[in-house]
Amino acid sequence: GEDVEQSLFLSVREGDSSVINCTYTDSSSTYLYWYKQEPGAGLQLLTYIFSNMDMKQDQRLTVLLNKKDKHLSLRIADTQTGDSAIYFCAEDTGGGNKLTFGTGTQLKVEL
Amino acid sequence: SAVISQKPSRDICQRGTSLTIQCQVDSQVTMMFWYRQQPGQSLTLIATANQGSEATYESGFVIDKFPISRPNLTFSTLTVSNMSPEDSSIYLCSVGGRGGPSTDTQYFGPGTRLTVL
Numbered sequence: 001g002e003d004v005e006q007s008l009f010l011s012v013r014e015g016d017s018s019v020i021n022c023t024y025t026d027s028s029s030t031y032l033y034w035y036k037q038e039p040g041a042g043l044q045l046l047t048y049i050f051s052n053m054d055m056k057q058d059q060r061l062t063v064l065l066n067k068k069d070k071h072l073s074l075r076i077a078d079t080q081t082g083d084s085a086i087y088f089c090a091e092d093t094g095g096g097n098k099l100t101f102g103t104g105t106q107l108k109v110e111l
Numbered sequence: 112s113a114v115i116s117q118k119p120s121r122d123i124c125q126r127g128t129s130l131t132i133q134c135q136v137d138s139q140v141t142m143m144f145w146y147r148q149q150p151g152q153s154l155t156l157i158a159t160a161n162q163g164s165e166a167t168y169e170s171g172f173v174i175d176k177f178p179i180s181r182p183n184l185t186f187s188t189l190t191v192s193n194m195s196p197e198d199s200s201i202y203l204c205s206v207g208g209r210g211g212p213s214t215d216t217q218y219f220g221p222g223t224r225l226t227v228l
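Line order of the protein sequences matches chains A and B.
For the first sequence, the working numbering begins at 1 and goes up steadily by one.
For the second sequence, the working numbering begins at 112 and goes up steadily by one.
Everything labelled a hint here was simulated from the structure, so no lab data went into it.
There's no promise every hint is true.
What the hints assert, rightly or not - Partial selection, computed: residues in chain A whose CB lies under 10 angstroms from chain B: (1) Y33; (2) Q57; (3) G82; (4) D92.
Built from N, CA and C at the ideal position, the CB exists for glycine as well.
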């Protein structure tokens with residue numbers, strides 16, 4: 001099956017780093033994505049990584065990919081209150097332009 | 112990316128009625144998708160809206176319950192028919208094949224929050 005799992009909840013203090021983890025099962029995925037969903041809003045594409053990369057950095061965001069373990073993580077440096085949201089990882093499941101989404105991690109940033 | 116709008120943004124409906132949700136994109140796109148996000152859950156793909164042909168439904172979703180139209184490359188509608196409280200969800204449209212690293216990259220509309228009483 002195609003299950004993408006994430007921890008449900010993460011709480012950090014403002015200014016600290018946040019690390020959100022994701023495990024996936026489809027080893028044929030070409031791209032893996034991170035989306036952000038703020039309360040009452042749709043999904044915003046945050047960043048992505050190509051499957052033959054180990055790491056991608058984009059300003060405060062760092063994506064790490066361990067393809068052997070099928071593990072993806074998103075690190076947010078200097079986390080701010082505006083980063084409070086639900087974060088979804090997603091993988092393309094190959095062919096048909098389908099995405100499979102993770103269960104979502106709710107990030108709460110405390111002052 | 113693409114600018115995607117949905118109407119209505121939210122609605123409260125009575126059971127047994129139907130609601131049609133519209134999705135409008137600011138440019139022509141190849142792929143349009145409809146998702147459901149039940150309260151506290153992740154996204155589940157309902158169907159792929161194909162221009163000029165019938166939508167392709169995922170397992171567990173049927174055309175009679177969720178009829179979809181795609182009259183052109185910038186517009187699609189999803190109807191939630193004969194609603195029950197279990198249909199209370201956020202319904203999101205997304206588009207693919209428009210920018211991003213690959214044609215699989217999807218951009219989402221703001222969603223329609225549906226409550227069925």
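Does the interface hint hold: is A/D92 within less than 10 angstroms of chain B, judged Cβ to Cβ? OK, holds: A/D92 within 10 angstroms of chain B, min 4 angstroms.
Do the numbers back the hint for A/Q57, that is, is its least Cβ distance to chain B under 10 angstroms? Cβ of A/Q57 sits 16 angstroms from chain B, so the hint is violated.
Go through the hint on A/Y33 and say holds or violated, using the shortest Cβ distance to chain B against 10 angstroms. For A/Y33, the interface hint holds, since the closest Cβ of chain B sits about 7 angstroms away, which is under 10 angstroms.
Classify the hint on A/G82 as holds or violated, based on whether any CB of chain B lies nearer than 10 angstroms to its CB. 18 angstroms, violated
Checked against the numbered hints given earlier, this structure breaks hints 2 and 3; the rest are met.
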